[in-house]
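Asker: In the order they appear, the protein sequences are chains A and B.
In this text, residue positions in the first sequence follow the numbering used here: the first is 165, and each later residue adds one.
In this text, residue positions in the second sequence follow the numbering used here: the first is 469, and each later residue adds one.
What the hints contain is simulated information worked out from the structure, not anything from laboratory work.
Calculated pairs, DSS-like style, for lysine-lysine (alpha carbon to alpha carbon, straight line, at most 30 angstroms):
#1 B:532 - A:220
#2 A:167 - B:510
#3 B:563 - A:220
#4 A:220 - B:557
#5 A:220 - B:510
#6 B:657 - A:258
#7 B:567 - A:318
#8 B:657 - A:220
#9 B:750 - B:567
#10 A:310 - B:657
#11 A:220 - B:497
#12 A:310 - B:563
#13 B:567 - A:220
#14 B:497 - A:167
#15 B:567 - A:310
#16 B:497 - A:235
#17 B:532 - A:235
#18 B:491 - B:510
#19 B:657 - B:750
#20 A:235 - B:491
Listed next, with one range per pair, are the computed distances between beta-carbon atoms:
#21 B:660 - A:197: 29 to 37 angstroms
#22 A:288 - B:494: 43 to 51 angstroms
#23 B:557 - A:287: 19 to 27 angstroms
#24 B:618 - A:218: 33 to 41 angstroms
#25 A:170 - B:732: 50 to 58 angstroms
#26 B:746 - A:181: 52 to 60 angstroms
#27 B:553 - A:287: 19 to 27 angstroms
#28 B:475 - A:170: 16 to 24 angstroms
Glycine included, each C-beta is placed from N, C-alpha and C at the ideal position.
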Amino acid sequence: MTKNINVTVNGTQHTLEVEPRLLLVHMIREVLNMTGTHIGCDTSSCGACTILLDGKSIKSCTVLAVQANGKSITTIEGLAPEGGPLHPLQEGFKENHGLHCGFCTPGMIMRAHELLENNPNPTEDEIRWGIAGNLCRCTGYNNIVKAIQWAGCKMRGEETPSTEPEFV
Amino acid sequence: MIAQSFQYESPGSLQEAIELLNKHGEDAKILSGGHSLIPMMKLRFATPATVIDINGIPGLSYIKEENGIVHIGALVREAELEHSELLAKMFPLFKDVTKLIADPQVRNMGTLGGNLAHGDAANDHPAVMLALRASVIITGADGEREVPIDEFFFGFYMTAIQQGEILTEIRLPVPAKGTGSAYHKLERKVGDYATAGVAVQITLDESGVVTAAGIGLTNVNPVPLRAERSEQALIGKPLSDETIALAAQYASEDCSPSSDLRGSEEYKRHVTGVLVKRMILKAAERASN
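Chain B extracted, bound-state conformation (with noise of 0.2 angstroms):
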């Protein structure tokens, strides 16, 4: 298949980037990984006039820790999170995610920025982003503004980027001592989209009390969601078989699935009640290690 015709810009600066996303407003696309872009452009399902591609700027692939927050650039590849030792040691489920996400190939293009900027809630790190509060950097002509995790997704294909702007860096604050991550997502075959994920991180304290708990989920909504009752059903006592049961009961009922070719509603709420279920059994695993 092939796309329609178009231009393409290579800007080497972010302002570059910027001044070109003005020029052409919403004629424009930008392409990162470019691996939902260029499959929907050769469908024809995204037709833009000009393509920006990204991936020549410099500065927006990194990962590193400052003052207890772990920035990590848009540009940095699915392939670089999965290997990243930092990330590993900090938020065990990047390790579960990434290597759910497509494959080698795909995720050696893919980024992390991408595929929050997609804003597709059946890409898998929306669900992760949301259950490590993490904030997001988006720049443009007037300068960067930071936007919280729970303010970023807005509907399909909508996210809090306006025209003109780039999403250049995600932030992770470092967890509390006593915290363990899980993620998992159901799926029909290998580098399929989730019938239904779950991302899970936990905290807890000495006693076994839950201090804190972030649950993302992934493909049961419209929007990425919050299972926030589930959260609220865990904070505050100490993680039991009922707190569990109830955290997976509520999310499964205040998720929003579509009947499709992974399965009825019915079914993609039940899973989304057992996987809840089984990540926080895995995050608290892992917190206590």
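If we strip away everything but chain A, and leave its shape as in the complex, we get (with noise of 0.2 angstroms):
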């Protein structure tokens, strides 16, 4: 009982046969083997999953791969060409120290993608709330702020804040 779909994966076009119970992280991780997309709480809560279907950041351990057929996702690898420079999101979470474990941070860059994309310059506020699908059990999120406003500058053109440590 399987189905044929055809889903567009960074760009790439792909055939497949899948069980209509195949989660779309499923298909992501296990039939394309592309690891960066996390399964964290698999009950919809954590966003380590979150990717992009048609542009609109979902948990794609809540949504079957049947339903991206004719559709296309990007995942984390699609950020940023192979060995090529990375994605300022990317950049802003290295440069900011955005994660420690890093378990949570391919969700929220995902994410933060389109948020930034919907809002090009949101208030802190907009980002908590705007991330608040995603959750991190190293950083408190103080530095993920960070690294989304820093992306968000350097993505509007404008001089990035400076990353280093400030001494209180």
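Dock the two chains into a complex; use the hints.
Answerer: What follows is the structure, given as structure tokens:
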């Protein structure tokens, strides 16, 4: 009882034969071997599985692979060319220490991508509400917010804030 | 977690979807946003033999005003409700409620129709629809029928939608001049279901007398509850501390919350009263703007 689906993944078209019950996150990780997208809670809470479906950030553990038929998805692997320069969001997380273990990071970055697309100059409050669907157990979120603000600056062509630590 | 195997259908028209529903009967579930259904299927709380994905049906996603009624297609996503200027102007409580439903990713998939059709008093839109005195359009093989929201919710996961039918549209009467609305829910953390939630729409005439009031309660009753005694305490009188306090007290008494991890019954009754008071005040303030 399988279905044939056509999904564009990071610009490449794939034709796959899948069971209807195959989750989109399992299609990405296990069928396509792209393990940048993570499964954190598997109960739609943590957002580690966040990818873009036709440009909208969604939790891929709560969507069936068959729902992506005829659509286009972008995962963390698709943000920057292989071996090429980092996407401003990736650079921002690196420069601003926006991660410790990195498990939430791909989901955070994909969510931030849609956030900045819809709102290129968000306030801190808008960023914090904007990542409400992404949980981080390590960082306490402050550097994640800084990373997103930094990336926003770079993407707007403005000078990025200093990444030197503040001494209090 | 992995759902039990099922057959997947993706009809391209409403007619096809209804035929499939009639063919499969009780063994079929509709897939809309999927953010209530799929989590349940992953936990195997729901094991439909057939899943009918209605996302490919055209013409079910719109927000438009016609002859004093706002029509919202059942497939409109929560994110679209959140950013609709038409809704923000007439029904300020939509901005309140959508911000409190789950999170941005869930709101990109979740639909208004699905939120109502699921029949869960823990969802936020039922109380909103009660406050706005909405009606829903249910479509089956024999055509459409309109059901007022007060006749829509019957029990846990039970609504007026019969087998072979799909909720296709939500209708909201355009509010009269001097109307304001507000929604808030107390939650343990961002994205949680409500410990208690209250939706209020209120209309005041030039002298400050309440001419209409709708108050809906979230997750403090087995079925989404209209705080009818509270509404009656307000209507026909000038809005005052006394009438507001009465409305809050009645709501607190008339709901039937269950004690759980979100709080004891007593605590939830208390919170309901507090939120009723606050939302009446907020809605009234917006009514005067």
